[in-house]
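Line order of the protein sequences matches chains A and B. Taking full-length UniProt numbering, I'd label the letters of the first sequence as residues 1 to 271. Taking full-length UniProt numbering, I'd label the letters of the second sequence as residues 1 to 288.
Misleading hints may appear alongside valid ones.
Result set (DSBU-like, lysine-lysine): computed pairs, CA atoms no more than 30 angstroms apart in a straight line [to be verified]:
| no. | chain 1 | residue 1 | chain 2 | residue 2 |
| --- | --- | --- | --- | --- |
| 1 | A | Lys69 | B | Lys11 |
| 2 | B | Lys187 | A | Lys35 |
| 3 | A | Lys41 | B | Lys187 |
| 4 | B | Lys187 | A | Lys60 |
Read the hints as simulated data drawn from the structure, not as lab findings.
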Amino acid sequence: MPDTRRITGPEETQSPFAFCPQFLAQSAEAFSDGKRRDGRKAEADHRPVFLKAGLISQAKGSAFAELDKTKVVCAVYGPHEVARREDFSMQGQISCEVKFAPFSCRVRRQHVQDGREKDLSTQLLEALEPAVRLDSFPKSQVDVFVTVLENDGSALSAAITCASLALADAGIEMYDLVVACTARIHGTSILVDPSFSEENLKTVSGEKPGGQVTLGFMPSLRQVSALCYHGDTDLDVLSQATQRCQDTCHKLYQVVQDTLVKSVEQRMNNS
Amino acid sequence: MADEVRTAQPKEFYRKYLEQGVRPDNRELGEFRPTVLDIGSKNGSCISTAEGSALIRLGNTIVICGIKGELAEPKTETPTEGYLVPNVELSAVCSPQFRPGPPSEQAQVLSQFVANVLKNSQCVELEDLCIAPGKMVWVLYADLICLDYDGNVADACVLALTAALSNTSLPVVRVDEETGKTETDFKEEKKIQLTCTPISATSAIFEDNVLLVDPTRQEEELSTGLVTVVTDGKNICSLEKPGGSPLKDQQMRLCIERAFQRHTEACNLITQSQGSTLSTLTSPLVDR
Chain A
1 MPDTRRITGP EETQSPFAFC PQFLAQSAEA FSDGKRRDGR KAEADHRPVF LKAGLISQAK
61 GSAFAELDKT KVVCAVYGPH EVARREDFSM QGQISCEVKF APFSCRVRRQ HVQDGREKDL
121 STQLLEALEP AVRLDSFPKS QVDVFVTVLE NDGSALSAAI TCASLALADA GIEMYDLVVA
181 CTARIHGTSI LVDPSFSEEN LKTVSGEKPG GQVTLGFMPS LRQVSALCYH GDTDLDVLSQ
241 ATQRCQDTCH KLYQVVQDTL VKSVEQRMNN S
Chain B
1 MADEVRTAQP KEFYRKYLEQ GVRPDNRELG EFRPTVLDIG SKNGSCISTA EGSALIRLGN
61 TIVICGIKGE LAEPKTETPT EGYLVPNVEL SAVCSPQFRP GPPSEQAQVL SQFVANVLKN
121 SQCVELEDLC IAPGKMVWVL YADLICLDYD GNVADACVLA LTAALSNTSL PVVRVDEETG
181 KTETDFKEEK KIQLTCTPIS ATSAIFEDNV LLVDPTRQEE ELSTGLVTVV TDGKNICSLE
241 KPGGSPLKDQ QMRLCIERAF QRHTEACNLI TQSQGSTLST LTSPLVDR
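Please construct the entire structure, taking both the sequences and the accompanying hints into account.
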């Protein structure tokens, strides 16, 4: 059915990448001979992180996260009344919506929310829920909206970190911040914070296909709020990867805290 | 104290200021809010997955524009013309009044407005987007996403779109005439040439007589009508006044005059931002 509420182009379009043979070869080179093509020295190196809280004037709380090229914006609204009556609960609710901007990936994305975005929304919700004091806003709902402006890998972990920062910026009571980190398991290597091409590495023949693990971690409580893994790896390698994610989360925690303090200071200066 | 009056009696609050010829945020009536622009290209800042991109901050209002190029067959009646498909999204991120899901009526009106500006100004020659007549043309999807809704999104959208288009480079695509085989060469890039730079200026009508340029969200809510004038520096590409308070001939002229002033300002801004190579971390989203 044609979309009558948007301006539509021709029915069938193809990405220019479909006609470029070199393009597919590129991602194979992203990690070869133990070297990461984007210039990172070690497998455990995280890309430069930039965080900022409170940038959207209309939102209760908001945050922007940047992992080098990956860019994510999050806005938090509420708590407000639950729209449907049957959803009544003494516990508060969180609703999460993750959306990729149409221009955020190499191949254009559609406007309508697709399966992957729904999946990410659920994962984000599950990562945030354990950290939020849901009993502090009974019968009400908090909305968390995330837009991925550019996806250069590790979009889910960027979204989780960004959303927890935005929730804190909105003054929603939380037990701890959730900091997330992704690791790509490729053969025997564990690549922390993979870029888009590292996420799409081709399997080396004769080796296990590897996989990807995302860890949502509450550093002060030393608790895991989300652990999401897909792939085919030995248990040893997987626990090693999880450990590496956890170490990285501890490092990121400091950055998130500093950002939060900065935004509170700014707010106090303004009022 | 001032904040309480502002919420409880916004009209009274504004009237007091406007009597003195200033606005609550210290602007004059014909003054735009500070505008920051970040224009990206494939290898530069902003959005590197897009063929062209721009982020604009107009006071608190933030709009980001990304241009994606795809390939398609042209229409039979216009075999040498490409497509330009603009869409404005007022996402749930930007304001509590918008919900996720299909675009609201307001978003549809804005999309149509932007499409009309492109069509009327003909700033992009659709024939430039032709690869092989009758076989293959470029489709440029221009997606505008509002990230912070603090009024005057229309002007922000037009500026973001013009800025993004002015720095859009497409890879070279070759179609073999005999075999019909298509090949994309990403090493070679061709910049899109703009024939003109359409820029818009919106004024809100307050209490039937005062014209406030570049209204904030509160000013838009209080206003009794909006006037949007789009110029390309010489001509007027679009003039919209959808109902609202009637205006005198003289007031209409003032709106047009302001639009021409804004055009000069905005063009300078685009040239400046193109010259500077901002790193990703200094994008206007994160002023510091």
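How the hints compare with the structure:
1. A:Lys69 to B:Lys11: violated, 44 angstroms
2. B:Lys187 to A:Lys35: holds, 24 angstroms
3. A:Lys41 to B:Lys187: holds, 27 angstroms
4. B:Lys187 to A:Lys60: The hint is violated at about 45 angstroms.
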